[in-house]
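Protein sequences appear in the order of chains V and U. Using our numbering, read the first sequence as starting at 3 and increasing by one per residue. Using our numbering, read the second sequence as starting at 147 and increasing by one per residue.
This list has only true hints and no planted wrong ones.
Okay, the calculated beta carbon distance ranges per label pair:
no.	chain 1	residue 1	chain 2	residue 2	range
1	V	Gly249	U	Thr256	57 to 63 Å
2	V	Ala58	U	Thr673	41 to 47 Å
3	U	Gly288	V	Leu131	34 to 40 Å
4	U	Ser395	V	Leu42	44 to 50 Å
5	U	Asp358	V	Arg116	44 to 50 Å
Take a look, some chain V residues computed to stay more than 12 Å from chain U by CB distance:
no.	residue
6	Phe30
7	Ala166
8	Ser180
9	Arg182
10	Lys192
11	Met216
12	Phe256
13	Val265
14	Asp269
Some chain U residues near chain V, calculated using beta-carbon distances under 8 Å:
no.	residue
15	Glu410
16	Ala549
17	Lys565
Hints listed in this document are in silico derivations from the structure and should not be mistaken for laboratory results. These numbers were taken from a predicted model, which means no experiment stands behind them. Beta carbons are placed, not taken as given, at the ideal position from N, Cα and C, and that holds for glycine.
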Amino acid sequence: MSRKSVSRKPEIFWNRRRKILFTVGAAFVYLLAVLAAGMLMSPERYGINYSAKFTAPCLEHPFGTDYMGRDMFFRSIKGLSNSIAVGALASAVSSLIALALGLTAALKGGIADRFVNWCVDLCMGIPHLILLILISFMMGRGGRGVTAAVALTHWPELTRLVRAEALQIRSARYVQASYRMGKTWFQVAKEHMVPQVLPVYLIGVVLLFPHAIMHEAAVTFLGFGFPAEIPAIGVILSESMDYITTGKWWMAVFPGLMLLAAVMLFDAAGENLKRLLNPNSGNE
Amino acid sequence: MKRSCGVFCVINFWMKKACILCCLALISAGMLAGCNGKGKEKEKEKDSADSIVCYVGHGFWDSSLDPVKGGFAYGYDFIYNALVRVNAQSEYEGDLAESWEISEDALTYTYKLKQGIHFQDGSGLTAEDVVFTYETVMANQGQNEKVDLSQVAQVEALDEYTVQFTLKEHFSPFLDSTAQLGIVPSDGYDSDSYDRTPVGTGPFRVVQYDMDQQLIVEANEDYFEGAPQIQRVTFVDMDNEAAFSNARSGQLDVVMVQPSYVAETIEGMHAERLETMDVRNISLPCREPEMLTGADGEEIAVGNPVTSDLSVRKALSIGVNRQEVIDNAFNGVGRPAKGWTDNLIWGNTKEYEDSKTEEARQILEESGWIDTDGDGIREKDGIPCAFEIYTPSDEPDRYLLAAAVAEDVQKLGISIEVKQTTWDEIAVKSYTQGVVWGFGQYSPMVIDNQFRSEHFITQTYGNPSGYQNETADRLIEEAIAANSQAEAVAAWKEVQNVYAGDYPYLYLVNIEHCYFVSDRLDISADTQIPHPHGHGIPIICNLKDWKIKE
Numbered sequence: 003m004s005r006k007s008v009s010r011k012p013e014i015f016w017n018r019r020r021k022i023l024f025t026v027g028a029a030f031v032y033l034l035a036v037l038a039a040g041m042l043m044s045p046e047r048y049g050i051n052y053s054a055k056f057t058a059p060c061l062e063h064p065f066g067t068d069y070m071g072r073d074m075f076f077r078s079i080k081g082l083s084n085s086i087a088v089g090a091l092a093s094a095v096s097s098l099i100a101l102a103l104g105l106t107a108a109l110k111g112g113i114a115d116r117f118v119n120w121c122v123d124l125c126m127g128i129p130h131l132i133l134l135i136l137i138s139f140m141m142g143r144g145g146r147g148v149t150a151a152v153a154l155t156h157w158p159e160l161t162r163l164v165r166a167e168a169l170q171i172r173s174a175r176y177v178q179a180s181y182r183m184g185k186t187w188f189q190v191a192k193e194h195m196v197p198q199v200l201p202v203y204l205i206g207v208v209l210l211f212p213h214a215i216m217h218e219a220a221v222t223f224l225g226f227g228f229p230a231e232i233p234a235i236g237v238i239l240s241e242s243m244d245y246i247t248t249g250k251w252w253m254a255v256f257p258g259l260m261l262l263a264a265v266m267l268f269d270a271a272g273e274n275l276k277r278l279l280n281p282n283s284g285n286e
Numbered sequence: 147m148k149r150s151c152g153v154f155c156v157i158n159f160w161m162k163k164a165c166i167l168c169c170l171a172l173i174s175a176g177m178l179a180g181c182n183g184k185g186k187e188k189e190k191e192k193d194s195a196d197s198i199v200c201y202v203g204h205g206f207w208d209s210s211l212d213p214v215k216g217g218f219a220y221g222y223d224f225i226y227n228a229l230v231r232v233n234a235q236s237e238y239e240g241d242l243a244e245s246w247e248i249s250e251d252a253l254t255y256t257y258k259l260k261q262g263i264h265f266q267d268g269s270g271l272t273a274e275d276v277v278f279t280y281e282t283v284m285a286n287q288g289q290n291e292k293v294d295l296s297q298v299a300q301v302e303a304l305d306e307y308t309v310q311f312t313l314k315e316h317f318s319p320f321l322d323s324t325a326q327l328g329i330v331p332s333d334g335y336d337s338d339s340y341d342r343t344p345v346g347t348g349p350f351r352v353v354q355y356d357m358d359q360q361l362i363v364e365a366n367e368d369y370f371e372g373a374p375q376i377q378r379v380t381f382v383d384m385d386n387e388a389a390f391s392n393a394r395s396g397q398l399d400v401v402m403v404q405p406s407y408v409a410e411t412i413e414g415m416h417a418e419r420l421e422t423m424d425v426r427n428i429s430l431p432c433r434e435p436e437m438l439t440g441a442d443g444e445e446i447a448v449g450n451p452v453t454s455d456l457s458v459r460k461a462l463s464i465g466v467n468r469q470e471v472i473d474n475a476f477n478g479v480g481r482p483a484k485g486w487t488d489n490l491i492w493g494n495t496k497e498y499e500d501s502k503t504e505e506a507r508q509i510l511e512e513s514g515w516i517d518t519d520g521d522g523i524r525e526k527d528g529i530p531c532a533f534e535i536y537t538p539s540d541e542p543d544r545y546l547l548a549a550a551v552a553e554d555v556q557k558l559g560i561s562i563e564v565k566q567t568t569w570d571e572i573a574v575k576s577y578t579q580g581v582v583w584g585f586g587q588y589s590p591m592v593i594d595n596q597f598r599s600e601h602f603i604t605q606t607y608g609n610p611s612g613y614q615n616e617t618a619d620r621l622i623e624e625a626i627a628a629n630s631q632a633e634a635v636a637a638w639k640e641v642q643n644v645y646a647g648d649y650p651y652l653y654l655v656n657i658e659h660c661y662f663v664s665d666r667l668d669i670s671a672d673t674q675i676p677h678p679h680g681h682g683i684p685i686i687c688n689l690k691d692w693k694i695k696e
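Chain U extracted, bound-state conformation (with noise of 0.2 Å):
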């Protein structure tokens, strides 16, 4: 084609008169440039068979990607690698760090590198490319929310492949810290085109990103493990419904979906749920009716009257159906659950049965809560056994979870009414009133966010239910500076045994991930590691092993 059109473009040129040859061959090297194109297009068709095309949620397009500015922090391979990461059991590996140690006193941590590996630019990853990454981070910790390095005292190479890390005072959950941050180099790194063009050392590099559109990466050759199979993929930002179209019509490879889409069919594609340690539980608010002073002085009435009971909340816990309620609003996928999923290691729900309706009517009734006048709803002192359940309104799902729980609860007698508002208005309504929350990280410091009782009001979204256990407190604190990984742990099991009797939050379900997957396409299921919080992006987490099937 590219030849004909040539040919073509000469005979024109002695025959045409010379006043015309300028336009002519302008217009001929546009046709040629368009041939040229064209192709090149053919040429990538050809090799359509190494590259995918993949909707996973909106997660990650309207921020940077730049790791020093808290792109990308979910712990996995993707563009970057931090010191270590989470494998499918939930444990701590080296990354790329070989191993790493922590002293006696838990202040310091020394990690070694792996050597030989290189930046997608060719350079070599060292210690003080680790250590420059650290301290950029660290000067300009108001940009990255996503990773804080507050605990951080001092970070050096102590050789070309050894870095330590001395903390100001004791932070077990730092592990987690150094498994979110990626390591950029120290030679190339530049703030300004990191947003978009981000050099680092992971299985994929990127090719173009247009934020709010589209992420092209390309298989990184001279990955250390070996380059991925596939050798491009191309992330798509739409709507959900629009994705789902996209996906009928045979334009994408994998596509994330609403739990309520999982009952339709897709030809060429199969529906994938995959695990997920990501709780959604409604936050009761534990105390009385009061009022607080806020941080600048202003008044802030809490508490709500109903949940502030602990019969009530106990009987909510027991009382709902959870499968259920699972049924009715997700389509029956996610798993009961009352409290953090167990492939946390530092999990430990206390399990017990649900949906015991005489034992939560019982205990209702033996606290006061008796329906006087015939309504259905009961009363106690003249109040009504009622409130609010406040969900955010860009997520659907969450109203239907809290729709459920409000129709399943009618028959304990209580009465919940579900609205759907804003996050600013929940930040605020969260102190009188029910919330739907989404929980799921490796890092336990979520139990120190939602238990400690300091957190209340003073940190946005900390603590919603105001509750209150200095033992719960003080456990937290031992947790946080425990010497030990182990003896963290242990610490943090025993405040979810702490708090367990006290149902501040009606936990309900550990929800899966929806995926439809074209059939060609081999998301390597083993290698999938629970996912943590994240609309969908996590299905990447393996991307470096995904195989297209012959």
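Okay, chain V solo, but in the shape it has when bound (with noise of 0.2 Å):
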């Protein structure tokens, strides 16, 4: 009987790990549809059209056009990718930041470790979103300020998990072993203590993304972000609350969910590699 079962269990074709690497491509053949289509979009596919102004979700519009009479699907489409090269780019540099501060307080210990925790506890120490609206007004507000905004502040979780993984095997004995063989901690940290950390970085990373496209489109949706003109999430979603409540719907409705949709699959490819990378639950 137990045989049976054995060798049955090869045939289900959707076995966890094809269902968890299924959803996380699927997150990111979504994402890079979006950026791509997005960048190579024409501006007049979302240009100015005053003759369809106000038109509801039709075939010629599937989400429908707003007050002056832009296509709402092509324009949440350039505004999703422009969130999402924000994104990239931003936890990209959080990360890298993440990374390095991470391996410096966990290798060089002493003042260093202490200057980064207090960096890390003064960052989440402030609410994240006035930091985040500090700093873009600071940077001049627009595309330049939220980027900026959001790649500066999204490092102090990663820093924690990096410094936590890199403790744990600083007084290994291999580690050691390198440290006696003449071997620089920049060495060290580069040699043993990457490739150590690398599954919790990269899961980190994912699951910043997310973080990151919700805080550009909060900060633009708040007046700090991308100014009227470019088209963002945030922009189009605060443009559609001056016309709700005259029954447009179809101006939230929509780029809201294309926004959900994003930030969820990024989210489920997060958990999802969390659980293919973590040796524990990698194969169950």
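Mind assembling these two chains? They're in different frames, but the hints should get you there.
In structure tokens form, the structure reads like this:
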């Protein structure tokens, strides 16, 4: 009996690993498609067309049009694409900062460790949205401001993770051995620490992404991010608020759903990757 | 209800033990108070036939109501009266003043006050109150940016009902200042309490003012022109969209809306579009790019290589299709404008036909703007015929307007990029790029502000086009120094003739203020004055004439 069940198992196509890979694949395909579509799209697709003001969703305009007759479908894609670009850049920068600070803290110890911890506490102590607004405002708002704000505020959590991982193996024998063999702390970090923290780090980056996108949209929605002339999800959503009382529901619903889908897909991808890469659950 | 509640409490009183008595007494007291409150509320509901709730925008919510500090410097009767006011024909008429005289040398203004006018606190209005109000403002000019009295040398009471102003120098728009400043009582004035509970002579007195929330006024039964019919008016502050929703659910009698909402319908309300003198224009920097030294010695980049060319400015002005821009941006609300409105006594706009696309193209080509690379945008000496227009991010209407213009002038081969930003940045950007402005006031000093060359850079938002014209400067000085109103008006009109050919501003639209008004309310359209710039507030200019229909 037990043999039977064992022999049957591989026949199930949707085993856990495949499911996970499929989810992760779907998430990346969706995001890459949106990103590419937005970047390659000609601005005329979401250009002004006053003869088609406030068209409800139809075949020609699947997401309807806004108060300037701009097609909401293409505008939302372009906006989401902008948001994803900002999110990608921001999580790349944030995660590199986190890696550098986390490893330095763990390996150098002493004052460096205390300083990094102090920075982490400082950043986490300030409400995130306020910090975002402050930085964005300081950098002159607009695309530059919001990108800088999102990039510079998402590192503390990841820094803690990286530091904790690195601390675990700091006193391992092979690490101590490489020190004895005359390797510098930088070499140790590069050769022993980075491979060790990589799974945690990668998952962290992926999970950072939805945060970054949401925060970009939030800061823009509040008026401290992208200006109105650039299509961004936050701009689109805040504009739609002006017309929601007159029943133009499509201006808010569809872009909102697209943002939600992007964020949830990324979240699902991150969670699934975590299961796959984590040695404890990876072989379940 | 009140009685039954009391009886219940009395029965309780005898039945319960002594130790609970205290508690019960407290509770019953509370209940009695509650009953009283409810009784009062019922009374209120009963006379809600005489009271209305309005939303007229955010304008006065963040500032003091004290006229000494610039509160309600709009020039119409509400809580206060000024010496003179503007009537529906845009002419000045006496308000608190019965008549006024201007001396031969135009340095002395003498106002005769009406007799028997009382403040809302019961004290009588005399010349002393007028002198007190003006002297207080002059002593604290820094607190009042709305009414500029720096030209006044002296204010004195000649007798109980005569006030005489002596000016330091000729200043023909002084009449406008006396129309803006409400008079407060000299005895009762208190700088702190007048921020919230001021006392004036006006048709309405303040009952309650919660900053950024609500202002409640009640009719002044003793108003010298007769008590208003509407007993109680509540002004609420909220978002435009929230106000619209509230109006839909029947909670507002008057609601200001943006033009894009006019096509909507609200049950029990009708849309009103009211005439204004408010004109939207785009400043087109007239100077060649150069560096100027500012007041603090800093270098400021000014000028624009494209708009400094007269042919570009002229092509824009005659080539743009204003009606289509208005249709696209404002749902067709507003009138095409090519200058100041003719509902102003000094308005003198040279009318011309617009949307002359062919002629505009020809002008551009003659001066060397030719599309050589076929991208739809003209070039001259390697410079593309393109510039930016900035709009404040808190006023989406101006963005819509600029975007519609940009869309429309593409046909001329001119590329305009529309951007939104803060007022602080606009002040700087206006030196080199276009900006959407809104202007509308009774005082012709707006011409001085917009066209006098010395205001460029030195005055915030002053002469944003950097317009330079010696004849215009001289005429503006003449107008200000004029001896009589007629002479001043003639000079102001002449200035407009002088700058008309230079097109320093692209005038677009004379906006209309849009409201939804409850069908039970009559806002007395005949006595509405043309609205000055005021984001919706000016509808209350004749609040005292409003009536609730039976």
